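Asker: Sequence:
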Amino acid sequence: MDPFSAERDGHLGDDQVGPEQRERAHRVVIAAVWVGLLAVALLAAALLPAPTPARTHYQVAGLALLLAVGVPRALLRSDRRAHHAAAALTATFLPGLTLIALNGTDWFFAGVQGDQSFRLEYTARFADDPTALMDYTYRGVPAFYSPGWFWLTGVVSDLLGTTPWQAYKWVAISSLWAASALTFVAWRATCSTRLAALLTVVTTIGLPFQGSAWVGSETLLTAVAYEPYGWLVASVLPPLLAWVATVEGPLSVRRGVLLGLVLGAAAWCYLLYAGLAVLALFLLTAVRRSAVRWLELVIAGAVSLVLVAPWLGRYALTWVREGMPPSAAATYVNEDSFGLLAFRPSATPGCLLAALGVVVLLSLRHLDRRLGGVGAVVAAVLVLTVVQLTLGQTGEGVLLHRLLPVLALALLTAGTLGVVLLVRRYAAGRLAPPDRVGRRAGSAVLLLVVGLSASGHASEWVGSDLTRMAADERYPDGRFPVAASPEARAAPQAGQPPVAEVVTAVDRLASEAGQDGKPVVLTDELPFLALTAWYGYQQWWDLYANPLGRYAERRAFLEGLAGEPASRIVDQLRKAPDGPDVLVLREEAGALVYRSSTWNPHDLETGVWEVRLPAEIVTDPDAISRAVGPWRVIALRE
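Numbering (this note's numbering), first residue to last: 1 to 638.
Hint data in this document are derived by calculation from the structure and do not stem from the laboratory.
Owing to the predicted nature of the structure, the values given are computational and were not obtained by experimental measurement.
A hint or two may mislead.
Using C-beta positions, here's what the derived DEER-type ranges look like [stated by the list, open to error]:
id	residue 1	residue 2	range
1	T246	G323	40 to 50 Å
2	A39	W609	50 to 60 Å
3	G323	K575	17 to 27 Å
Just so you know, even glycine gets a beta-carbon here, dropped at the ideal spot from N, CA and C.
Input sequences plus hints: build the corresponding full structure.
Answerer: Below, the structure written as structure tokens:
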């Protein structure tokens, strides 16, 4: 019998249903496997000793070995409970790696640096007010970035009574587990438990790792763990399209509604991937030429639009009303944004399997309808690649570097399904169950593929700069994480006042100045915005600025203050409609300095602009000021 049977009714091979009591017992065991493995991982993480480089490397090596040995043994057994165990072990792998790599720090990857700054800022915004779908920086501006995951993280922070940045780490780790679980569930709509588990394994660990990045510079860490909310969507796109490709029969309103709910939820998590899914669905439906499928897609579109209307609808209306300002984020490109130039051959299992996926989609797609759905994902990325190459001439784009991991997922899926098709034909030709030699060979191949991939990712997790930044970032109260390096503890900034001290100074001065509510703060120090509920007057990088935030106008206003006398500067700041209430700026050579960065998509460079305000504004009667380390906190009187 075919070990990778794709029967959907669950009554063949390893999905054979027994008496009712036996079925209930199986379900209990399956639930215990999923929950138990996650509980064991969390318990083991809680019992980990203080981290040292040697301990950390041994721990991730042990986890990789467990996956390499356990997954092949479970997959080759004719027991669906074992297949669930393989999927559950895979789902626990990335959270386990993350728990080990970040042992000794409460921060998630990168701490509060780079992209993580605005993500933590978003989380803090919703932790402060879960009912307001507002931008993370600018007061009164509708949310632009997909808010769903950050809203959930903020709610978790509020319910548990913990700080948003601490909640972020645990929700992110939980999301890595949930993504693999959802992928397995999604594949079960068209696959047996064994094949669903195999596809979950391959697409979870098949992406590149550091040192062998064959999809540009994107790796499993940078494209998945660093953006867990995006992984929740990207990982289920291949099984979602595979399911749609296998749908037949009359019109089903229920199916259309379900698809719409999935697309709407995807948009709330990651709008770019939701848009990719919509394009892939259009391409797939156009190829199938079925009026019934078009009607279901229309129903799905209507449901998804209703679902995103409270957020995206409000933003779109405001965007149109304000003249459709461009988004700087859409102009960003890097070395991964130039189409095929981003692909680099690598002798790794994932790259070889993805290459096989190309061959399968070009030559074997007609043998399995699921391949048609996976091919639609690939086609959608290729269409957007052409759009990127065209728009790139004018400095615009579609964030192609974020789409390449999805392309890799689809190719890995196609390659795996191609192997399964070949195994089926071989088994059917022999008309006999696989012999012991065949099983041993299959086990050896799986062990090599899983082992090499798992060990590569384990090394990436502990050796990444993102991990080091999380270990070396000071906590808001000034303490260092246990895992902080001696170099970080001895760095000059280690002696600066902690974030909490600056926050206290802002709150006190704002109160003395007669201000009410959360202040609007002009600062270029990332932690002061990312770790508080303050609003920012200006983003530190225009790529992170909401298109409705009028970044260019705010820059012009600040630059217009240069050269003005101190009294006039304070007066203009106080009278500006959306002006700052508080300034937290560094004092340098007798001036208060604000810096921000802008992206030039033509030169592929980031430039820095700055505004230097005279230090005399601290003595203005309409301002109250206090020095806190290298910063000067200035609150403007009401």
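Asker: Run every hint past the structure and note whether it holds.
Answerer: Here's how the hints hold up against the structure:
1. T246 - G323: 40 to 50 Å: The hinted range 40 to 50 Å holds for T246 and G323, with Cβ atoms some 45 Å apart.
2. A39 - W609: 50 to 60 Å: holds (51 Å)
3. G323 - K575: 17 to 27 Å: Cβ of G323 to Cβ of K575: about 25 Å, so the range 17 to 27 Å holds.
Hint compliance for this structure: every hint is met.
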